[in-house]
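Q: Protein chains in written order, with my numbering: chain A, 692 to 959; chain B, 692 to 959.
Careful, some of the hints might be misleading.
Identical copies look the same in the list; a pair holds intra-copy or inter-copy alike.
[Unchecked claim] With a Cα cut of at most 27 Å, we get these calculated DSS-like pairs of lysine-lysine:
id, residue 1, residue 2
1, Lys823, Lys696
2, Lys857, Lys838
3, Lys857, Lys844
4, Lys823, Lys695
5, Lys857, Lys695
6, Lys838, Lys696
7, Lys857, Lys696
8, Lys696, Lys931
9, Lys857, Lys931
10, Lys857, Lys823
11, Lys931, Lys823
12, Lys695, Lys844
13, Lys844, Lys696
Source of the hints: derived by calculation from the structure; they are not laboratory data.
Protein chains: 2
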Amino acid sequence: MGFKKKLREAVDRNASLLCVGLDPEPSQMPPGITISEFNRAIIDATRDLVCAYKPNLAFYEAEGIDGLRALEETLRHMPADIPVIGDAKRGDIGNTARKYAQALFDSFGFDAATVNPYLGYDSVEPFISYPKKGVFLLCRTSNPSAKDFQDLKCEGTPLYELVARKALDWNVHGNIGLVVGATFPQELERIRRLCPAMPLLIPGVGSQGGDLPTVTRCGVDETGGNAIINVSRAVLYASKGTDFAEAARAAAETVRNTMNAHRHPQRP
Amino acid sequence: MGFKKKLREAVDRNASLLCVGLDPEPSQMPPGITISEFNRAIIDATRDLVCAYKPNLAFYEAEGIDGLRALEETLRHMPADIPVIGDAKRGDIGNTARKYAQALFDSFGFDAATVNPYLGYDSVEPFISYPKKGVFLLCRTSNPSAKDFQDLKCEGTPLYELVARKALDWNVHGNIGLVVGATFPQELERIRRLCPAMPLLIPGVGSQGGDLPTVTRCGVDETGGNAIINVSRAVLYASKGTDFAEAARAAAETVRNTMNAHRHPQRP
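Please model the complete structure; the sequences and the hints are all you need to start from.
A: Structural data, given as structure tokens:
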């Protein structure tokens, strides 16, 4: 099943816009548990509350080959009906980008991936040429330094907005989405207006400080969906004790319900 | 030993600006050979002719965990006095970028890495805070679509030049370099003038079409060094037969000698 359909069905089935970011930090986990056991427990505790999972590859790569094995084991444990986004932020020239697409889509088998747009169209094309996979281009990221380049006015228009416009041009297979940080709600609103039908992947609520009601209101499309709001640490490490999975479930439920209370269809 | 010193010594010892890109494509390799055996043969055949090696991680990740094991084996076989650049083009927000820096510098043990600047300072800082490691920011890449964003005029200045200017600002540890494609010699010349003392990593000669004499003339600094000119396919696959290592050596020697013939100190 293609990413878009899988996402829509998970959003409806679980009445949820919540994506749980699977970013394991061994120092935050209960002692003695492996990354793969930790992820399994989180998935089992939240699978009826989420619309997607999003492992960030950095957390696995930092643990070397054992970390990548844990990622593979985690992917094998994923429910078949929940889309999984590989947050890898790759970007390279054509023939090399093709290798990264192969790694993320064929080898790991992610349903979608994040891609850095700085190298332009030929670095993005190898990803979007998998028509059933979702491709989220970094547009306006959630970190404070995002402004260094993304806010620069290029012939009057901020760079992040030019990325969004290019994403519209390049979207011949209808599988492009955008990453827009929750920490900049005005920019989020602007991008949603510019790209009314694109899925937006929105990190930055919780620990990074994005305001959940505002972000939900600004992020959804005219159906009240198509926004994938990511929370990592506030769910994963809701408790650092052996009750971490129950605590994660409780945190996920609260976040999902708050989103749903503010999930009004956007009027254009 | 820090990256800069190791590079300078390898440049002098081997009288070379040639960096061999270790980008293994199984379809181009003699049948029956493993990636790790192939790389070892290439390294043994060229180690007295190069100033650096540069594995691009995409080629290893595309082969799954076996590919990453081959990368680890390759790194274990590296001569201790040749710097190795991890071409990973990573870029993520602060705490995640720290994990990528850990993966590349602590876990793999690369002497330097390439980093995508689109997320701004806090995505670069975790890399440059390893003062002995080199950090090459993507500035003007070698691919045709580089122009999509990198050439945009931001308040009158092309984006790639603003990246170079930021690199100068951020260079408090003196360990930042820039990636500038060989396919755009005018931009290369402009960046060398703007950043007279920065190491430039220059991919795009050979298969991608950059002209070696021009690139060497435009890329070197006032000592005739500090340019790391990368060649991958034209060396690795000089022959697809069992004589690939000898053919790689011959190709590397020719390229190195051509560079040296045009390696005149730049007059400012």
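Q: For Lys844 and Lys696, with the copy left unspecified, which applies at a CA distance of at most 27 Å: within, between, both, or neither?
A: So Lys844 and Lys696 fail the 27 Å test inside a copy (36 Å) and across (39 Å) alike.
Q: Within, between, both or neither: how does the pair Lys857, Lys844 come out at a Cα-Cα threshold of 27 Å?
A: Cα proximity of Lys857 and Lys844: in one copy and across copies (16 Å, 16 Å).
Q: Pop the pair Lys857 and Lys931 into one bin, within, between, both or neither, using alpha-carbon distances up to 27 Å.
A: neither (43 Å within a copy, 40 Å between copies)
Q: Is it within a copy, between copies, both, or neither that the alpha carbon of Lys696 lies no farther than 27 Å from that of Lys931?
A: Answer is neither: 35 Å inside a copy and 44 Å across each miss the 27 Å cutoff.
Q: Up to 27 Å between alpha-carbons, please classify Lys695 paired with Lys844: within, between, both or neither.
A: neither (32 Å within a copy, 35 Å between copies)
Q: Using 27 Å as the alpha carbon limit, work out where Lys823 and Lys695 are close: within a copy, between copies, both or neither.
A: Intra 8 Å, inter 45 Å, cutoff 27 Å: intra-copy only.
Q: When no copy is specified for Lys857 and Lys696, does a C-alpha distance of 27 Å or less occur within a copy, between copies, both, or neither?
A: within (24 Å within a copy, 42 Å between copies)
Q: Between copies, within a copy, both or neither: which fits Lys857 and Lys838 at Cα up to 27 Å?
A: both (19 Å within a copy, 13 Å between copies)
Q: State whether the alpha carbon distance between Lys823 and Lys696 is at most 27 Å within one copy, between copies, both, or neither.
A: within (9 Å within a copy, 48 Å between copies)
Q: At most 27 Å between alpha carbons: which applies to Lys857 and Lys695, within, between, both or neither?
A: within (20 Å within a copy, 38 Å between copies)
Q: Please work out whether the CA atoms of Lys838 and Lys696 approach to 27 Å or closer within one copy, between two copies, in both situations, or in neither?
A: neither (34 Å within a copy, 34 Å between copies)
Q: For Lys931 vs Lys823, is the C-alpha pair at or below 27 Å within one copy, between two copies, both, or neither?
A: neither (38 Å within a copy, 35 Å between copies)
Consistency note: the structure conflicts with the earlier hints numbered 6, 8, 9, 11, 12, 13.
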